[in-house]
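Asks: So you can see what is in the structure, the chains are spelled out below.
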Amino acid sequence: MTIVTGKAEVRRRLQPGRSGVLRKIWEHRADYAYVLPAIAVMLIVIAYPIYYTIELSFFKTPPGLQLRDKSFIGFDNYTAILTSEVFWKVTWNTLIWTLGSTFISFVLGFGAALALHRDFIGRGILRAILIIPWVISAVAASYIWKWIYHSDFGIIGAVLVGLGLADRPPNFIDNVSTVLPSLIVVNIWREFPFAMIMMMAGLQTVPDQLLRAAEVDGANAWQRFWHVTFPHLRNVSTVTILLLAVANFNSFIIPWIMTGGGPSNASHIWITHIYELAFGRQRWGVASAYSVLLFLMLMVLGYFYVRALAGNDRKEGSA
Amino acid sequence: MTRITLGSAVLRGTVVGVLTASLMSTSALGAPPVDLSKWSPEYVRSIAGTQDFDTAADCAKVTPLDYKGRLTFWYQGVFEGDPDLLRQYYKDFFETFRKTYPNIQLEDQALTYNDLLDKFRTALLGNAAPMAVRLQILGGTEFASKGYLQPLKPEDVGYSTEDFWPGAMKAVTWEGVTYGIPTNNETMAFIWNADIFKRAGLDPDKAPATWDDVVKYSKQIHDKLGIAGYGLVARKNAGNTPYRFMPQLWAYGGGVFDEATANPTYGEVELDSPQSKAALQASYDMYVRDKSVPVSALTNQQADNQPLFVAGQLGMMISHPSDYNVMLDLQKKATGTDKDKAQTVIDNMRYGLIPTGPDGKRAVVFGGSNIHILKPEYVEGGKVDEPAAKAIICMWSSPEWSLKMAYAGSNPGNLNGFKTKWMKERLDNIKFLDVTTSMLPYGIPFPALPQSPEIMNIIVPDMLQNALTGAMTVDQAADDAAKKVKDLMGGL
Chain R
1 MTIVTGKAEV RRRLQPGRSG VLRKIWEHRA DYAYVLPAIA VMLIVIAYPI YYTIELSFFK
61 TPPGLQLRDK SFIGFDNYTA ILTSEVFWKV TWNTLIWTLG STFISFVLGF GAALALHRDF
121 IGRGILRAIL IIPWVISAVA ASYIWKWIYH SDFGIIGAVL VGLGLADRPP NFIDNVSTVL
181 PSLIVVNIWR EFPFAMIMMM AGLQTVPDQL LRAAEVDGAN AWQRFWHVTF PHLRNVSTVT
241 ILLLAVANFN SFIIPWIMTG GGPSNASHIW ITHIYELAFG RQRWGVASAY SVLLFLMLMV
301 LGYFYVRALA GNDRKEGSA
Chain F
1 MTRITLGSAV LRGTVVGVLT ASLMSTSALG APPVDLSKWS PEYVRSIAGT QDFDTAADCA
61 KVTPLDYKGR LTFWYQGVFE GDPDLLRQYY KDFFETFRKT YPNIQLEDQA LTYNDLLDKF
121 RTALLGNAAP MAVRLQILGG TEFASKGYLQ PLKPEDVGYS TEDFWPGAMK AVTWEGVTYG
181 IPTNNETMAF IWNADIFKRA GLDPDKAPAT WDDVVKYSKQ IHDKLGIAGY GLVARKNAGN
241 TPYRFMPQLW AYGGGVFDEA TANPTYGEVE LDSPQSKAAL QASYDMYVRD KSVPVSALTN
301 QQADNQPLFV AGQLGMMISH PSDYNVMLDL QKKATGTDKD KAQTVIDNMR YGLIPTGPDG
361 KRAVVFGGSN IHILKPEYVE GGKVDEPAAK AIICMWSSPE WSLKMAYAGS NPGNLNGFKT
421 KWMKERLDNI KFLDVTTSML PYGIPFPALP QSPEIMNIIV PDMLQNALTG AMTVDQAADD
481 AAKKVKDLMG GL
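Quick mapping for you: the protein sequence lines, in order, are chains R and F. For the first sequence, counting from 1, position 12 maps to 12 in the working numbering; every step adds exactly one. For the second sequence, counting from 1, position 445 maps to 445 in the working numbering; every step adds exactly one.
This is chain F alone, in the form it adopts within the complex (with noise of 0.2 angstroms):
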């Protein structure tokens, strides 16, 4: 049983309070529908199923049904990774949409995390952007700083700031204006395999305290059993490797400035601090020095890890609750033998909270996506409709339909959606919802600069690349990414 001091006990309620005032609070906005200062699964549960809401009633009011015009529309889809349960969740949506306003011409347009961005600029560069976008959180800044989006706020379609958590509104927040609404929010969660820690001699029912743990366990798994332990992804242009790298950075106390503190400034770099340094260090251990994660990592994205998973060949991962669904799909695939091998990963699976650094800190990265407008010069025909674009963004952003959308593997970004009928019964039918929504207070957004996607997606995995393919020595990769953000910052 793991002892906890005074001193740590103080040190760590210190860091989540100070993580959880971040996040939840701020002077400038009012009251919000739920109570964030007792966010708790029981609270959680307890607001569950509590209000009903008339998403067609409520959006009616921002762009009546019987509207005619022409939408174009982007968003960031569902993926081979995700359960057909979202896929599902997404069609009704549509279909829903098309029936509420049937006079509205919608052409829309499904892109993966991987791909968004980079054919959102190109079409930008060409003014042949769509009308609305829904971007991951990341783009929300680096759009807006470049004039691109139109303001946006939720009491344009409806809705009131205080709806959304307040650290998802920093996000679409580009000097004092907003330019977007947050469509979901999410945490993710540590998840491991009960019956591979049992046979590696760990205990089963417990899941690592402290990321030097992870590092720990993963060799005992790896050495007793001859398979990976932690499912490490280190590729490079794939938004899955900040996800799972940046809680470890922060919780050794790094970062790529102070954006895990209060009221960061981004004004100094730390990718080179001896915290950075300590969780790339731990990375490193893993891969090279006990080769205890999937070689695979570097060209691998989560969605790799979800077989190795369920094949009982990966023993801990860091994802959304919606892997547990996707390992149900998985089994239902399976044949022959392999079925009642998934169906004992999948009875063994265990959801935890993600570990803490040497010093009690734990972070996890608060991510989700955001819906924006466009303005009309960037637009393909030079024209927006914007009621059209407003009915969208209404019925996406309701409190029905950001839960819904985010069903299996977010949660809502109007914090409304907690208050559904369909929040309830996805408490009762998600399982392990009850630790990502328990993460929620330790989220940390990512930088709320333009700058941050590039910083994310490429010049991170590159330091970890350097350092796990000896390229370069955990040091010199640091000091390496931390000289590419400071030319970033600096317009290089």
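Bound-form chain R, shown alone (with noise of 0.2 angstroms):
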């Protein structure tokens, strides 16, 4: 085994053509000292979180003593909550929730950017309109689209009356069958101009000289678009969908402010669940079981994320 004595040491292991990691460490020393602040913020008000949720998991918290009262009971909570009717409730919700919101937003973000890719009058006035709705806070959003909604006076139910549509106002959130489509439209409504700004900035990347070339080969427009176009916005597109899949398995605001989980727990999703359980009901440990099972998954979805950018970064790399 080697011992590593002194500093003249370090110094000389650490020199270019030593070690391969060491090395390259060694070379990026100014990037990991700009990090640095970073993580350890990072350490102080996420990594023990996180430790803190993940032990008191395997504690029993009952809502009628201090938490400090708890006691080990190994994995029940997760026991319990794997075999409990809810919770498959609120996955199935949340599975529809997420797939629904990310690949709606991502299809009509894309759709929009391409329209607004082209050079037209007005162009500059309806990209600012189309950012409204992810500029707007989201808590303001949810109590217009609250609104708009409303079971007995709300603005689609009026206009339907009014029109002849329909002999009663519809019922969008007070109905187990309708309240959780009718609250991804409202998040659609927020996310699609994250889409469409992130597919802008992609389109910007795509070399004009292909597409006219294409153009010159007799490529038609759709030719242009799936051989051209697309492979250039296809780590974009990944990254898109990932950070919008990340947000939405997140969202809080949208269904806890317009339905809080309701009705029937028709609109629950795995955030709003947790925060009532915690929160409303106490059960900490059974919340922070759940907490932890949510962070495992977006986990999953974050190595895809980074992978996603390392495909990107060698890309630009090899350029």
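Derived from the structure by calculation, the hints contain no laboratory data. Certain hints may be false.
Not the full set, but computed from the structure, chain F residues with beta-carbon under 7 angstroms of chain R [to be verified]:
#, residue
1, D118
2, L125
3, K146
4, Q150
5, I227
6, P450
7, I458
8, Q465
9, N466
10, T469
11, T473
12, G491
Cut-off 20 angstroms, straight-line C-alpha distance, at most; resulting in silico cross-link-like pairs (DMTMM-like, lysine to aspartate or glutamate) [stated by the list, open to error]:
#, chain 1, residue 1, chain 2, residue 2
13, F, K375, R, D167
14, R, K70, F, D487
15, F, K224, F, D205
16, F, K483, R, E85
17, F, K291, F, D223
18, F, K484, R, D76
19, F, K224, R, D167
20, F, K291, R, D167
21, F, K486, R, E85
Some chain F residues flagged as far from chain R (calculated, every beta-carbon gap over 10 angstroms) [said to hold, decoys possible]:
#, residue
22, D54
23, A57
24, P64
25, Q105
26, L202
27, K339
28, G352
29, N429
30, F432
31, P461
Where a beta carbon is used, it is the ideal one built from N, C-alpha and C, also for glycine.
Dock the two chains into a complex; use the hints.
Replies: If you want it as structure tokens, here you go:
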């Protein structure tokens, strides 16, 4: 076993050419120094809460007692969650919410980006208008949409009744079947401008020469999109989808403000359910176990996100 | 005209007597400053304006007026459903406190009813709570039982226990120790629009006598006029829901436990009793069968019913006397023909006693708020400035301010408040106050248990939502709720 004996030895070992990994670290020492403060803050405000949440997930925390009176129960909270009906209902809701919101937001955002990429009069104004939903506070948007959807006096209902298209206002958010799709629509309305901006940025990177060359070669609009534009957008699309998916998994404001997870838990997704368990019902242990499961799922998404970014870096590096 | 038989009169009298005894009298206490056995609108009028109080002088005996200190204080403040009048009184209180105690650095924070419990619980977990807090009546036992609160009785801030409603004192008592002081106590009343009643073919000057009548009237209003009959509220995590459903549940003879009896033991869960199911069935009939209540009841609160009522789109609702002032505020904000329509609704606004159940039982939630002092270890900085905390508690629970802070919507926690000149002024200015004070003897406190907030804010609304959305039948929803309460009481 080699024992490092002094500063000179360390310096000698870190000299370029001695070891691949250490050499790279040495080369990037300034970069590490720059990110060190951020890492230190993260350790305090993120790492400790994660550790504490994981620890708490192995304890029973009866609502009638203080948190310090918790008792160790091993994996019982996890077993209770995975065997409960509510878990599967909430998980199903979360999947519908996340997948529905993510993919429709992406498709609409992509479509809007393609349309706005062309040069036409009023493009700037239209772009500004389409960004509005994204810059409005989610809290304000939730209250506005609550009144738009209102089951008795909502704007949509009034218009439909006024035009004779319905006898009475449709029940959007007070119905177990329609509440989740209605909330997804609101979420898409809020999120698609983000996808649009990302894809517009991506479209700027598509070389004009290639598109013109394809046109000269006789490629039609669809062929130019499919064979030239889309391949260039693959990485930015992946990143956009992953960012949207992570945001939607963690989404809280819209469902909580508009319905509080109701009616009859029909719009509870993981985050709102965890919030209710922790802060409404004080089941800190169970809520922590739920959070750990959610954390693991997000880590999987995070892995793919980092991989996508790394793919971008490699591609740019080789270009 | 309703005919009352001798049997039902005796039964009603007995029920009211038992409830009154439960709420107002206890042999362990001395004589209260007002004669609770004579409680009636006439008696309340006769004692109003009969005594003067000097709040600053009284509180100076608790904490000298030149005391120098610092106080962090959270309270359930005014929200969108409160009248402007109340907003002004809250502003006046804090200005007066700062003038009376110029050397106390007060850091106050107002939170809404639905946010306060969650935020307070979170702050406690991080030992970052305020030194003093004013909580809704449901919260007292929860935090006292967990050991967060310091013992605090009226005598500690210059008053006597007999100065407060015995029913309210129960809500701040845990295992025989008092942990707070009631600031205000309230009972709601039944409100209806006489014009809508008339147009629907109902007697415009008579409230529905029973809850079964409410169901019938609601249907008749909806069928004849195409508007909502009764303002049902079934939102989860909203205090408005239990305040409106529990009177119905108790009137039918049901309950979560035996909280509607004179000496509750909270031993048996009764949410799945036939009487409780009958109450739930009445809500089901209105929402699902007759479709005579707002469809938005599952996501709405009372604050959402108020604009419907003033727009003439809602026939009946349960609320405070302050709703009259809220309607006046809304009318002021209306424009064009809406202003006249709102005035017509206000002119036709009527208040009555909350309906009875099938056996003549009348009940209402005995609600309100309490004020508490935290233990130092749960407070930010680890220190509590007790003299400063007692100064604000003395002021808020004084006859003067406990009345003023409840001016439009509630009643003073300190019974001496009924004797003040402001009570006399209030009786002249606040329409329908007589009705809600008449409801006080029918008031039933929520179970004085630490589990009550979860039962009232989550389990009971869940039961309603499960039945009203068709996710479960009425029987299943009641059984499911009863099981949840049993599990909760069993520590699950």
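Asks: Indicate, hint by hint, whether the structure satisfies it.
Replies: Tested hints:
A hinted interface residue such as D118 (chain F) counts as satisfied when its beta carbon comes closer than 7 angstroms to some beta carbon of chain R; here the least separation is about 4 angstroms, so the hint holds. Restraint check, L125 (chain F) versus chain R: the minimum CB separation of about 6 angstroms is within 7 angstroms; hint holds. Given the 7 angstroms rule on beta carbons, the hint for K146 (chain F) holds: about 5 angstroms separates it from the nearest Cβ of chain R. Hint status for Q150 (chain F) relative to chain R: violated, with the closest Cβ pair at about 15 angstroms, above 7 angstroms.
Taken as an interface hint, I227 (chain F) does not check out: its beta carbon lies about 9 angstroms from the nearest beta carbon of chain R, beyond 7 angstroms. Evaluation of the P450 (chain F) hint against chain R yields a held restraint, the C-beta minimum of about 5 angstroms falling below 7 angstroms. Look at I458 (chain F): its Cβ gets to within about 6 angstroms of chain R, closer than 7 angstroms, so that hint holds up. For the restraint placing Q465 (chain F) at the interface with chain R, the shortest Cβ-Cβ distance is roughly 4 angstroms, inside the 7 angstroms limit, so the hint holds.
Proximity of N466 (chain F) to chain R holds as hinted, the smallest CB-CB distance being about 5 angstroms (cut-off 7 angstroms). For T469 (chain F), the interface hint holds, since its Cβ comes within 7 angstroms of a Cβ in chain R; the closest pair sits about 4 angstroms apart. With a least beta-carbon distance of about 13 angstroms to chain R, the hint placing T473 (chain F) at the interface is violated under the 7 angstroms criterion. Annotation: interface hint on G491 (chain F) holds; nearest CB of chain R at approximately 5 angstroms, less than 7 angstroms.
A threshold of 20 angstroms between alpha carbons decides the hint, and for K375 (chain F) with D167 (chain R) the separation of about 59 angstroms lies outside it, so the pair is violated. This hinted pair checks out: K70 (chain R) and D487 (chain F) have alpha carbons roughly 18 angstroms apart, not beyond 20 angstroms. For the given pair, K224 (chain F) sits about 18 angstroms from D205 (chain F) by alpha-carbon distance, which is consistent with the 20 angstroms threshold. Distance check on the hinted pair: K483 (chain F) and E85 (chain R) sit about 15 angstroms apart at the alpha-carbon level, within 20 angstroms; holds.
Straight-line distance between C-alpha atoms of K291 (chain F) and D223 (chain F) comes to about 9 angstroms, which keeps the hinted pair within the 20 angstroms bound. The suggested pairing of K484 (chain F) with D76 (chain R) holds, with an alpha-carbon distance near 19 angstroms, which does not exceed 20 angstroms. Restraint check for K224 (chain F) and D167 (chain R): the C-alpha separation of about 16 angstroms stays at or below 20 angstroms, so the hint holds. Proposed proximity of K291 (chain F) and D167 (chain R) is supported: the alpha carbons are some 14 angstroms apart, at most 20 angstroms.
Pair hint K486 (chain F) plus E85 (chain R) holds up; C-alpha atoms about 18 angstroms apart against a cutoff of 20 angstroms. A cut-off of 10 angstroms between C-beta atoms confirms that D54 (chain F) is not in contact with chain R; the least separation is 41 angstroms. Interface exclusion of A57 (chain F) from chain R stands, the closest Cβ pair being 40 angstroms apart, more than 10 angstroms. Separation of P64 (chain F) from chain R is adequate, the least Cβ-Cβ distance of about 35 angstroms exceeding the 10 angstroms criterion.
Taking the minimum C-beta to C-beta distance to chain R, about 29 angstroms, the non-interface status of Q105 (chain F) holds against the 10 angstroms cut. The claim that L202 (chain F) lies off the interface holds: its Cβ sits roughly 22 angstroms from the closest Cβ of chain R, which is beyond the 10 angstroms cut-off. Non-interface call for K339 (chain F) relative to chain R: holds, since the shortest CB-CB distance, roughly 19 angstroms, exceeds 10 angstroms. Non-interface call for G352 (chain F) relative to chain R: holds, since the shortest CB-CB distance, roughly 25 angstroms, exceeds 10 angstroms.
Look at N429 (chain F): its CB is around 32 angstroms from the nearest CB on chain R, clear of 10 angstroms, so calling it non-interface holds up. The beta carbon of F432 (chain F) sits about 26 angstroms from the closest Cβ of chain R, which is more than 10 angstroms, so the claim that it is off the interface holds. The beta carbon of P461 (chain F) sits about 8 angstroms from the closest Cβ of chain R, which is not more than 10 angstroms, so the claim that it is off the interface is violated.
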